[in-house]
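Work the whole structure out from these sequences, hints included.
Residue numbers (numbering that gives the first Met the number 0), protein chains in the order written: chain A, 0 to 496; chain B, 0 to 97; chain C, 0 to 488.
Simulated from the structure, these hints should not be mistaken for laboratory data.
Because the structure is a prediction, the values reported are computed rather than measured.
Among the hints, erroneous ones may be present.
Facing chain C, a subset of chain B residues (Cβ under 10 Å, in silico) [said to hold, decoys possible]:
#1 Ala14
#2 Val37
#3 Val50
#4 Pro59
#5 Leu73
#6 Asn81
#7 His88
#8 Leu91
#9 Pro93
Just so you know, even glycine gets a beta-carbon here, dropped at the ideal spot from N, CA and C.
What follows is each chain in one-letter form.
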Amino acid sequence: MTNSACDSGRTIVGLEVHVQLQTNTKLFCGCSTLFGQPANTQVCPVCCGMPGSLPVLNSRAVDLGILATLILQGTVAPEIAFDRKQYFYPDLPKGYQISQLRFPVCHGGIVTFDNGEANEEVELAEVRIERAHLEEDAGKSLHGGEGIPDGKTAIDLNRAGTPLLEIVTRPDMNSGRQARMFLAELRTALMWMGVSDCNLQEGSLRCDANVNLEIQSGGRKVRTPIVEIKNLNSFRAVERAVEFEATRHWELFQAGDQEWLGGGKQTRGWDDGRGESFLQREKEEVADYRYMPEPDLPPVAILPQRIEELRNGLRPMPETAREQLRNRYGMSPYDARVIVAHSPEAVEYFRQVADGCGNGKLASNWIQQDVFSWLAEHGQALDGYPVAAGELGLLLVMVQRDGLNQARARDVLAEMIRGGSTAAEASGALGVVSVSESDLQEACRQVLEANPKVVSEVAEGKTQAIGPLIGQVRKRLPDANPAAIRQTILDLLGIGE
Amino acid sequence: MAEPSIDLKSLCNLARLPPPDSMGEEQELRSGLQQILVFFRMVDAIDTENVEPLVQPFQPGAGTERDDIHVQGLARADALANAPDSDGHHFLVPQVLK
Amino acid sequence: MSPDPTIRSVQELAGQIRAGQVSATETVQACLKRISQVDPELGAFLHVDPQGALETAGKIDEELKSGRSPGPLAGVPVALKDNISTSGIPTTCASRILEGYVPPFDATVVRRLKEAGAVILGKTNLDEFAMGNSTRSSAFRVTKNPWNTSRIPGGSSGGSAVAVSAGMVPVALGSDTGGSVRQPAALCGVSGIKPTWGAVSRYGLVAYSSSLDQIGCLGTSAMDLALVLSVISGPDPLDATSGVGGSSDLLNSLAAVDVKKLRVGWVPELLESAVEPGIASLLRSAVEQLRSEVASVAVSNWPFADYLTSVYYIIAMSEASSNLSRFDGVRYTQRCEVANEGLNGLYTHTRGTFFGDEVRRRILLGTHSLSSGYFQQYYGQASRVRRLVQNALIEELKRVDVIIIPTTASTAEPIDGHVDPVKSYCSDQFTVAANLAGLPAMSVPCGFSVDGMPVGMQLIAGPHREDILLSLANHWQKMTDWHQRRPGP
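Structure follows, in structure tokens:
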């Protein structure tokens, strides 16, 4: 952004992302991590912080931390240890959170992602990772609302002790959009590798953004105070919040607010409804977390063997799949991102459908429009889709080769889902007739013979005269594809398109 | 090394303990703490350059992690049994101002 | 045969019960009777559970009758310090903040005692949250030394020491962070052991200072302590710091120790300057008596003598301030709410009202030691000096097998009378070293002062060498009869 010849600003964004690790049980006890259970039914003395309780580390959480480090291309620490981060809050049962300060599982790393505006080109950007560490989640505080007595806050400890990985990036992003694209890539990668289900609705991926501006003014570089924005519930919210803050800083700077400029880091919340940030009351003073090494947990040596075994079990990164979709199937970068971002299962499904019908673009459209929307509506993962890839492929062959129009084909798909039937059975049940090439040509020939006037108009160059003829052919062959009819007529008239 | 005067109000807040009520109480508390801090600072005399801190006297080495297997925890009623204020489902505290 | 209420030996008692010479029920009844006779005055117990104890004893008797073996401690009555969690039985840590708190789970040591057939009689008094060496800071009652009821029993496990000393139970569990099992054992004329850090699971022990705490035993003889220790120690999947090594069969390793081959170290200069003359002469005499029984007696180095208590208290108070943050009025404590003061008011008034003075003092000092700007100077420096202390002691314990020093500098002081905090902290000078280094240590009776108060001798061995401690102590207890003396009625 610029204002004058002297002033220009560059937005600087760093992100702190908390992902919930995909384990069966909590980080330090055997309680389940299942989402959405009745309050305080997944608790034990350890995660309730009862006197005398002690934490014991979940080895699967460590494994997932190592996997995440490999995905982030960071360095796995040879030995990890834990520290207490101390503060008082009712959903923090021990009065401290067990986290990692001195010896986190991951140092450094880099995430490469497609920052492309467009659908046609891949435009790579990089964000460096500062560190990533394991820590336990706090419980939930419900400040009033349904069922909560007036004037009280209700505490549910089901979530307390859930394993989190906090990923801290370097401030390498320069726009809200970049932040969103980075998050999308991070989410895809972690989800692909089974580290986290990255479900934003369930809160298994949460993000805070640190934003400030670097302004070139009067020959000097001035940095505005960093703002930490919390409560960002979607990637779009991150994008909007970052842009809002950048603008706000720019305006404050232009207004010459010296007091603000010299001030310290602020914490603000984000109101997505209003599209604005607000100062958060509770962080009035700088917190002193009094970090202390955790005496109840011995440091854990991470052996090279453990890392290698985990590395060997990794499936290829999402970018490999996207590359294949772009190169082998001619898919646009945008479509490739969408399919890959859904799940590895979606990619496999796509391959089978595309190979089956021979048309990647068609397969991609149907999967995005029909399969994904059905799955979203029914809250299912791809394994729960009731139509096998092979059958969808056969249906699309009908569309592609036999001229079955897409609206009709969607009816067939609905019938396949309803009746659990094959493409052939369902289309038969609906009375859909497959229109053969020769039938189509015959019908078109007949219609053309009956409409000599149109033939001469078209010969004069008025190709739009074909329009009504298409309807006439469809009367004889209701299942014929209008585009195929048009093409056949033009071919018969000897006109290229 | 002289200890700068302790900010008692801030320290009490950090520890979530009530600050002294009166000047007299404050004096007493402050001098009591200072006396013990002098006793603490005796350790300054020992040269610990290049010495690794000791947190746990011994470490078990391997086998300190647990498998990711569900273990039955507390029934909700037991978890809430000692709660000073509860609605049978949650722990309740005075509303935290937002 | 009717139970002798002065039977002190766990081994003997367990044997008699197993042989059917006396029943578990009769034994428990005898203990309950003794408690009702002497405890109103002595104040060892905070909670006695006659119903539960008799129920357990009855079940044990049934099992014995049907020929089954309920375990090596079948029918043996045990008392537990009230900072050890017992399911269904109140656990207060002698603090008003936990008044009425009933844990929904047993500490691992409690579970193991129960599995061995022991009968839990009740919970004993302590300094609030185990912070003290006199038991004076208990919020609920005063515990008195059975040898002279105007004197302290020591602390923080004062109640457990008195329960054993006055013949209410043959054995009791306590906890030892800076001497809290050994010191009251010495002041009350009983034996007490603090195992190697990590030898006994801390799951269920309400934490005071996690890297220093260990659960220990108090009893009338070393062999009794060995028997109970062998039941409660060993790795526990619920405590990641437990099972650091050591003998899985303590009783066999103990038997295998040849006392004649032991190299003993002692520290004469401590006796010259730091203790009451009466204690010094008893310790010297003990060392002399042992000289002909062991391989050698040599002068040992005692490292950083003047600094041990400051190092200890910085670490203990820092960890305590953290461990006690959970007592906040939200989930399981007493609560003190003040209108219009919201959540912070809840925390501050609850903790201010229900924590005692000493606990509040330690929380403030610990918080200060961990706070930004002070961490390196206090906690950081103390943990580095701690490394030096451990290195030095472990070195020393390669040259000798056991170090003998006093347990305390003086005998039990009067209950009434002003206590200067720093002076009181400094009186822990002989016991804190073993906690700092994580080493096993025990105190055994070695005589009486001129005014008839018990004196203890402390033995310290290398990591996991409880077998050395117990076999030397056992040998000492065959040579002498200090451990068999009893206070008056």
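The hints, checked one at a time:
Because the smallest distance between the Cβ of alanine 14 of chain B and any Cβ of chain C comes to about 4 Å, under 10 Å, the interface hint for this residue holds. The closest approach between the C-beta of valine 37 of chain B and any C-beta of chain C is roughly 8 Å, which is under the 10 Å cut-off, so the hint is satisfied. Among the interface hints, the one on valine 50 of chain B holds; its C-beta lies about 4 Å from the nearest C-beta in chain C, closer than the 10 Å criterion. The closest approach between the C-beta of proline 59 of chain B and any C-beta of chain C is roughly 5 Å, which is under the 10 Å cut-off, so the hint is satisfied.
With its C-beta approaching chain C no nearer than about 6 Å, leucine 73 of chain B sits inside the 10 Å limit, and its interface hint holds. For asparagine 81 of chain B, the interface hint holds, since its Cβ comes within 10 Å of a Cβ in chain C; the closest pair sits about 4 Å apart. The interface hint given for histidine 88 of chain B is broken, as the beta carbon of that residue sits about 14 Å from the closest beta carbon of chain C, more than 10 Å. About 9 Å separates the beta-carbon of leucine 91 of chain B from the nearest beta-carbon of chain C, less than 10 Å, and the hint is met.
Hint status for proline 93 of chain B relative to chain C: holds, with the closest Cβ pair at about 5 Å, below 10 Å.
Comparing the model with each earlier hint shows a violation of hint 7 alone; every other hint is respected.
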